[in-house]
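Residue 528 in this note's numbering sits at position 251 of the sequence shown; the count goes up by one each step and never skips.
The hints are simulated quantities; they were obtained by calculation from the structure and are not laboratory data. Computed from a predicted structure; not experimentally measured. Think of the CB as a built atom: it goes at the ideal place given N, C-alpha and C, for glycine as much as any other residue. Heads up, some of the hints might be wrong.
[What the hints assert, rightly or not] Restraint-style ranges between C-beta atoms, simulated for each label pair:
no. : residue 1 : residue 2 : range
1   : Pro-581   : Arg-494   : 46 to 54 Å
2   : Ala-442   : Ala-371   : 14 to 22 Å
3   : Val-591   : Gly-532   : 41 to 49 Å
4   : Ala-442   : Met-667   : 31 to 39 Å
5   : Leu-671   : Gly-461   : 47 to 55 Å
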Amino acid sequence: MFRSLSVRNYRIWFVGALVSNIGAWMQATTQNWVVLTELTDTNAAAVGTTMALQFGPQLLLVPFSGAVADRFDRRKVLLVTQSLLMLLAFGLGALLVSGVAEIWHLYGFALALGIVNAFDTTSRQAFVSDLVGNDQLSNAVALNSASFNSARLVGPAVAGVLIAAVGSGWVFIINGFSFLAVLGALLLITARRVPPPATARRESQLRQLMAGFRYVRRRHDLLVIFVIVFLVGAFSMNFPVMSSTMAVEFGRGAGDYGLLSSILAIGSLSGALLSAKRPAARMRVVIISVGGIGIVSLIAAFMPTFWTFAATLVFLGLAISTMLTTANGFVQTTADPAVRGRVLALYMAILMGGTPIGAPLVGAAADALGARSTLIIGAIAALLAFAVGMTWLLTERGLRFHRDGWNWRVTHVGRPGLEDNPAQQSETLTAPISVLRRDPDLLGESAPQELPTGVIRVDPEPLDDTRDPDEEPDPDAAPAR
């Protein structure tokens, strides 16, 4: 489960990022509570607007953030972005401590944070591949998610205590100091990324971006993941709106709002650690977990008390973390290294870029229809994403269910020539699609570009038709493959 921590550079990065992530969660929790209760009169739409401003740049800056992650030393990029994020935290904290902050100040800082994060997030996700080998990349991605969710377990609860003890402004200032940990880690890391070829560096931003689009367009499995994460990111993951409005719905304060985020993180951390234990990221896990998000969200919407609602958040966090960690790992481990940064930029843009669309709508629904409507909307979006994934399994993977009395068997498109005969199939849905495809012309269209899990690439070879069919086989010849 923790095998990637044996790598020195990744171990340093993991510790520094964990401290910084705790501070980031403290700031995110405080920011949304300030907007909802200090600068507005429990206006959920204002919280949604803040989220839209913070995550919108992820979508708009895709042509630049992906190219920066692919063309420049990601360690140096992160040194710049993390320094800027630290200065923004100090600036917003100073405004709140001095008592002059207004709602438009929060909007401006949210937009600035979004612009910096557009470059930081893409480079930070791709930076993991610079620290570990391909055989450990999936595990390292999962442990990154575990670090993120461990911070979510601690950060919001600490933020709730600090808001009551010292005031919201000081939480931002404390977060500013937490960036020193990740900056120190970046300075200690000795890994250096191999620069891209000179031809790639001479390509225009537009040509590089279009290369990423063309690559994703040929990968139908990635397209399905992008659709799933867009629907879930836009409508099912607006936790600041959901948690803050549900806390108010149950008559709770800042401490209990932070507690809800920490309870959600218990499930999220469990999902990330379980994903780290798996040998590789698989599509079926993404599809099953998004179905779980829909079911649990629907159950949570009808919980009658604060504590029963909080209990459902453990399972919601587990399902969401499993889906996001597995989807991220699948994208990173199967993308061609030459376009990995651009593919990750598209992935993060779709995941985060859905928030400017969904968050204001979910916030408006909370104001007009009540807090519980946010969970119902999230459930509908997740179940629709599940339907998209199942449709892909039934069409491209040829998923079939076979009943023999009380026994059920699940099959899919298997090895060439075996059709859908359950007696002859030996692969499961975890097999690489390069093995599963029958049509040689399509071989590799959606296949992993690297083979981090020890899979042997299967390439079609022409048959030798020169031998006389009546000729006796040569006993000394090598056996046919």
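Structure-based check of each hint:
no., hint, verdict
1, Pro-581 <-> Arg-494: 46 to 54 Å, "holds, 47 Å"
2, Ala-442 <-> Ala-371: 14 to 22 Å, "holds, 19 Å"
3, Val-591 <-> Gly-532: 41 to 49 Å, "violated, 19 Å"
4, Ala-442 <-> Met-667: 31 to 39 Å, "violated, 49 Å"
5, Leu-671 <-> Gly-461: 47 to 55 Å, "holds, 50 Å"
When held up to the earlier numbered hints, the structure conflicts with 3 and 4 and fits the remainder.
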